[in-house]
Amino acid sequence: MIELKNVCLSYGDKLILKNVSLKVQDNTIKAILGPSGVGKSTILKLMLGLIKPDCGKVFVDGQDITNLKETELYDIRRKMGMVFQGNALFDSLTISQNIGFFLRENLKLPEDQVRKKVQEQINFAGLEGYEDQLPESLSGGMRKRVAIGRAMVFNPRMILFDEPTAGLDPVSSKKILSLISSLRHTSNLGAVIVTHIIDDVFNVADCVAVLYQGEIIFDDVTEKLHDAQHPFIRSILSDKILEL
Amino acid sequence: MHLTIVRNLYKQMIYDLKAFLLNIQEFFLFSVRAFVTFPKVRTYWRDVLDQMTICGTDSIPIVLVSSISIGALLAIEVGNLLEDFGAKTMLGRSTSISVLRELGPLLMGLMLSARFGSRNGAELGAMKISEQIDALRAFGTDPVAKLVMPRLVAALIMFFPLTALSDYAGLHSAAYLAEHYHKLDPGIFWNSVYPRLLPKDFVVGFLKAPVFAIIITLVSSFNGFSARGGTAGVGRSTIKGIVVSSGLVLVANFYVSKIVLENM
Numbered sequence: 490m491i492e493l494k495n496v497c498l499s500y501g502d503k504l505i506l507k508n509v510s511l512k513v514q515d516n517t518i519k520a521i522l523g524p525s526g527v528g529k530s531t532i533l534k535l536m537l538g539l540i541k542p543d544c545g546k547v548f549v550d551g552q553d554i555t556n557l558k559e560t561e562l563y564d565i566r567r568k569m570g571m572v573f574q575g576n577a578l579f580d581s582l583t584i585s586q587n588i589g590f591f592l593r594e595n596l597k598l599p600e601d602q603v604r605k606k607v608q609e610q611i612n613f614a615g616l617e618g619y620e621d622q623l624p625e626s627l628s629g630g631m632r633k634r635v636a637i638g639r640a641m642v643f644n645p646r647m648i649l650f651d652e653p654t655a656g657l658d659p660v661s662s663k664k665i666l667s668l669i670s671s672l673r674h675t676s677n678l679g680a681v682i683v684t685h686i687i688d689d690v691f692n693v694a695d696c697v698a699v700l701y702q703g704e705i706i707f708d709d710v711t712e713k714l715h716d717a718q719h720p721f722i723r724s725i726l727s728d729k730i731l732e733l
Numbered sequence: 340m341h342l343t344i345v346r347n348l349y350k351q352m353i354y355d356l357k358a359f360l361l362n363i364q365e366f367f368l369f370s371v372r373a374f375v376t377f378p379k380v381r382t383y384w385r386d387v388l389d390q391m392t393i394c395g396t397d398s399i400p401i402v403l404v405s406s407i408s409i410g411a412l413l414a415i416e417v418g419n420l421l422e423d424f425g426a427k428t429m430l431g432r433s434t435s436i437s438v439l440r441e442l443g444p445l446l447m448g449l450m451l452s453a454r455f456g457s458r459n460g461a462e463l464g465a466m467k468i469s470e471q472i473d474a475l476r477a478f479g480t481d482p483v484a485k486l487v488m489p490r491l492v493a494a495l496i497m498f499f500p501l502t503a504l505s506d507y508a509g510l511h512s513a514a515y516l517a518e519h520y521h522k523l524d525p526g527i528f529w530n531s532v533y534p535r536l537l538p539k540d541f542v543v544g545f546l547k548a549p550v551f552a553i554i555i556t557l558v559s560s561f562n563g564f565s566a567r568g569g570t571a572g573v574g575r576s577t578i579k580g581i582v583v584s585s586g587l588v589l590v591a592n593f594y595v596s597k598i599v600l601e602n603m
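Line by line, the protein sequences are chains A and B. The first sequence begins at 490 in my numbering and counts up one residue at a time. The second sequence begins at 340 in my numbering and counts up one residue at a time.
It should be emphasised that the hints constitute simulated quantities derived from the structure, not laboratory data. Where is the CB? At the ideal position from N, CA and C, for every residue including glycine. Heads up, some of the hints might be wrong.
Subject to a maximum C-alpha distance of 30 Å in a straight line, what follows is the list of computed BS3-like cross-link-like pairs (lysine-lysine) [claimed, not checked]:
id	chain 1	residue 1	chain 2	residue 2
1	A	K558	A	K503
2	B	K597	A	K605
3	B	K485	A	K597
4	B	K379	A	K541
5	A	K546	A	K494
6	A	K597	B	K379
7	B	K357	A	K507
8	A	K494	A	K507
9	A	K558	B	K379
10	A	K605	A	K546
11	A	K568	B	K357
12	B	K379	A	K507
13	B	K485	A	K558
14	B	K357	A	K541
15	B	K579	B	K597
16	A	K546	B	K357
17	A	K605	B	K579
18	A	K558	B	K357
19	A	K558	A	K494
Examples of chain B residues lying across from chain A (beta carbon under 10 Å, computed) [as the list claims (entries may be wrong)]:
id	residue
20	S408
21	I468
22	S469
23	E470
24	I472
25	A477
26	K485
27	I527
28	W529
29	N530
30	P534
31	R535
32	L536
33	P538
Please take these sequences and the hints and turn them into a complete structure.
Following this line, the structure appears as structure tokens:
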């Protein structure tokens with residue numbers, strides 16, 4: 490379980506998060522919905538300990554990770570896989586090297602085991618035949634699937650998705666969303682999805698938190714979002730546009 | 340009105356000074372982290388070999404071009420000057436000291452600052468902008484150990500042979516020009532080089548190799564790691580890395596020479 494308690498964060502003079510409190514339970518898919526630039530990706534980075542909050546605390550499985558050193562955070566991060574918005578694939582490595590990076594680099598698994606696990610992810614992501622290609626030669630949707638495979642390969646308990654369908658065509662978006670939905674059924678994984686696309690929330694998320702002007706204005710199961718009375722939520726439900 | 344302008348200028352100066360000091364502090368911590376990760380060199384030996392090829396083998400042409408040019412130029416100019424005093428036989432001595440102590444290592448440092456430093460800055464900056472460095476951290480890999488330490492080790496190893504190559508090429512191009520331009524017998528040229536060279540001439544030249552390696556690698560890598568603001572930000576950080584490392588190479592060149600020559 491991941492929990493943020495009264496977290497606030499500023500970039501320079503700009504206050505990004507104001508007393509944000511949030512819980513993500515294991516084996517559930519939680520969406521964080523909000524307009525662009527509101528601090529959604531920042532929340533994911535806080536969960537991984539990539540950045541530290543100005544105030545408040547971040548807990549992972551009950552452990553306070555707020556003030557842990559970088560080396561102490563490595564064990565925490567191994568519980569979570571991250572799919573970055575721009576995929577962040579290592580562009581000098583092939584697809585199979587990207588997926589197997591963590592297994593070789595940190596787990597030091599024998600090469601035959603690495604190959605087996607990489608092949609499993611390549612099959613899961615439908616990337617057979619592209620193993621030896623570099624990321625630059627793939628389409629946006631395929632790169633996203635490589636990033637998901639890379640995040641899943643070491644069997645984390647939770648995967649963090651930063652705008653998983655942003656910039657993708659409708660067909661690729663659908664594929665990515667069905668891949669995310671299948672995670673829980675095939676691997677019993679939990680997930681946090683940061684998005685500004687409300688349809689994605691209704692398609693995959695069990696529960697949703699809405700972030701608006703640095704504050705959480707809604708945090709409940711997805712079905713209850715329709716009953717929310719906040720003007721911002723009413724406007725996004727009617728327009729489905731979050732670029733406010 | 341004027342008071343407001345002065346007050347704003349003062350505020351801006353204080354802000355810039357704080358930012359500068361913070362930057363120095365971050366650079367210092369970054370450098371310490373790069374050295375502290377040296378024990379991981381066995382884990383990342385492949386990366387070290389890759390970087391040795393990039394900063395060593397691939398840099399040979401540019402080091403040769405610069406050292407041959409400067410050796411030849413020195414031979415012509417210094418030879419003309421010595422001829423006026425009837426001391427052309429001292430050409431070997433004067434060019435060898437200039438090349439071994441100063442110009443060989445300095446030009447190599449500046450060339451590598453441009454070549455190796457710009458590559459580091461651009462590559463690491465692009466990795467930072469595309470969140471690849473965050474991805475490394477997210478996967479539990481220390482980006483400094485993976486990306487900076489191998490570059491530093493490779494530069495520390497390869498700058499020595501590059502300095503030797505630069506010295507060799509510079510001296511031989513000077514000897515060639517002495518023979519063919521100034522019509523000086525090669526025996527006379529080399530006789531004024533070898534017997535008169537002292538250990539301090541080599542120490543001062545070769546001590547600069549690791550100093551330049553540290554400056555160029557750490558400054559360019561730090562600027563790459565600090566890149567922000569898209570592709571334009573990568574450009575800015577790369578330029579900053581080259582300018583600062585080149586400036587520091589020039590300053591370090593002076594102080595290494597001064598310290599060694601005063602104490603040996």
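Hints broken by the structure, by number, lowest first? 2, 10, 11, 12, 17, 20, 27, 28, 29, 30, 31, 32 and 33
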